[in-house]
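Asks: Residues per chain, in single letters:
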Amino acid sequence: MEGAWVALALTLKVALWATALNGVLGVAIGYAMARWRFPGRELLDAVFTLPMVMPPTVLGYYLLVLIGSHGPIGAWLIQHLGIRLIFTWQGAVIAATVVAFPLVFKGARAAFETVDAQLEQAARTLGIHELGVFFRVSLPLAWRGILAGLLLAFARALGEFGATLMVAGSIPGRTQTLSIAVYEAVQAGQDDVANFLVGLTSITCIAVLLSAGRLVPGRVAPRDA
Amino acid sequence: MIWDIDLHRVLLHEGSRFELAVRFASDAPRLVLYGPSGSGKTQTLKMIAGIARPDSGRVAVAGRTLFDSVAGARLPPQARRLGCVFQDYALFPHLSVRQNIAFGRRRGLLNPSAAPRDEAVERWIAAFHLEAVSAHLPHQLSGGQRQRTALARALVNAPSALLLDEPFAALDKSLRQRLRDELKDLQAQLRLPMLLITHDDDDLRLLSDQVVHLQAGKVVQDPATAEAALVG
Numbered sequence: 001m002e003g004a005w006v007a008l009a010l011t012l013k014v015a016l017w018a019t020a021l022n023g024v025l026g027v028a029i030g031y032a033m034a035r036w037r038f039p040g041r042e043l044l045d046a047v048f049t050l051p052m053v054m055p056p057t058v059l060g061y062y063l064l065v066l067i068g069s070h071g072p073i074g075a076w077l078i079q080h081l082g083i084r085l086i087f088t089w090q091g092a093v094i095a096a097t098v099v100a101f102p103l104v105f106k107g108a109r110a111a112f113e114t115v116d117a118q119l120e121q122a123a124r125t126l127g128i129h130e131l132g133v134f135f136r137v138s139l140p141l142a143w144r145g146i147l148a149g150l151l152l153a154f155a156r157a158l159g160e161f162g163a164t165l166m167v168a169g170s171i172p173g174r175t176q177t178l179s180i181a182v183y184e185a186v187q188a189g190q191d192d193v194a195n196f197l198v199g200l201t202s203i204t205c206i207a208v209l210l211s212a213g214r215l216v217p218g219r220v221a222p223r224d225a
Numbered sequence: 001m002i003w004d005i006d007l008h009r010v011l012l013h014e015g016s017r018f019e020l021a022v023r024f025a026s027d028a029p030r031l032v033l034y035g036p037s038g039s040g041k042t043q044t045l046k047m048i049a050g051i052a053r054p055d056s057g058r059v060a061v062a063g064r065t066l067f068d069s070v071a072g073a074r075l076p077p078q079a080r081r082l083g084c085v086f087q088d089y090a091l092f093p094h095l096s097v098r099q100n101i102a103f104g105r106r107r108g109l110l111n112p113s114a115a116p117r118d119e120a121v122e123r124w125i126a127a128f129h130l131e132a133v134s135a136h137l138p139h140q141l142s143g144g145q146r147q148r149t150a151l152a153r154a155l156v157n158a159p160s161a162l163l164l165d166e167p168f169a170a171l172d173k174s175l176r177q178r179l180r181d182e183l184k185d186l187q188a189q190l191r192l193p194m195l196l197i198t199h200d201d202d203d204l205r206l207l208s209d210q211v212v213h214l215q216a217g218k219v220v221q222d223p224a225t226a227e228a229a230l231v232g
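First to last, the protein sequences are chains P and B.
Using our numbering, you'd call the opening residue of the first sequence number 1 and step up by one each time.
Using our numbering, you'd call the opening residue of the second sequence number 1 and step up by one each time.
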């Protein structure tokens, strides 16, 4: 059963990393899409949203093609930095990040679009430069929507299965996350292990939801009426 | 020349075309830009402030050239040193009155502290009788307090001119009268050039040294014509 705890720790590690990466990438791209107008913006939005609608195995396949040892990114990483991503927990992080990305990106874009552009303009006339405007006005006012997106992304990353299996495989103790361990246990007929893993996963999810409920309301500045 | 403005911009919106060609020069310390809604007043103000971009033209305020399309000069809004009071005041809803006023006094990535730290900020809080509400958030303020907070926020930066977009539109009539007098006194005290947008005749009568009439994106030379157009 101690394998279950290893799987839980790995799952949390992967989900936290994926959420943190999306906290930067999803928020930055969400802001850019909310504020900048350029031709092809909606097409780009659709591309960024694709991971939400595509089967995770298809995404995993795309990732294999890109970051596999023969892929354009994977080959470069091996050649120049000696980094191999396939069948590593870092590979699992990339898979979970891509799968959960639209949840943060969509939430952040919508949240930034509700921020009155006039407030940002007022900040500029007061002498504050773009980065200051972002961190002092846009981000604090969009925080609620972004946090909701991040929590959904964390939950999605916790349960990630298809893309992770394609990219990182199922190596016990190294890349075997909870959801993959459940599948393996059931396939192997180890019902007691499966029961324990399923119980553990359920409790983890409930804990995440409860802490999310505590986190969201109190931390947000009230909006102007 | 205090105001030397020449702005040209064509706006295309959902198939309709609006051409803005506003040109005026004036030495009036209190200049009012007057016209019906949709005449391009706010656009003009935003272009002077640098938060909207004209296609071409020139903006010089109080002897400083802020924009000149021929010379290729364009100062960003951060460098124009103009105090702006927006129509609905655009106070930062997540910051207290004190933090709102101190906003431009603190550069960098962090908002000003909620504690009183800055002498100039405290001076303006006192001048506008905002001591009692200095820790309040904008949604807890009355209309007059919001307007004063917005004014203080613009003035604490020591701007070289003040731009106001319908500063009294959101207030009831009796308060409007009092705040008009306040603004008039303040302008006289500070000797700060002031450009005020309005479609209210009382503002025009009480606050202007000179009036620029705007109609459908153009300056109307003869005020009588403007009146006729307004009625018709």
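None of these hints come from the bench; they were simulated from the model.
Quantities reported herein were computed from a predicted structural model and do not represent experimental measurements.
Please note: incorrect hints may appear among the correct ones.
As the list claims (entries may be wrong) - If the Cβ cut is set under 10 Å, some of the chain B residues that face chain P in the computed set are:
id	residue
1	25
2	46
3	49
4	50
5	80
6	88
7	95
8	103
9	109
10	159
Idealized CB from N, CA, C, for every residue including glycine.
Asks: Go through the numbered hints given earlier and state which of them the structure violates, listing their numbers in rising order.
Replies: 1
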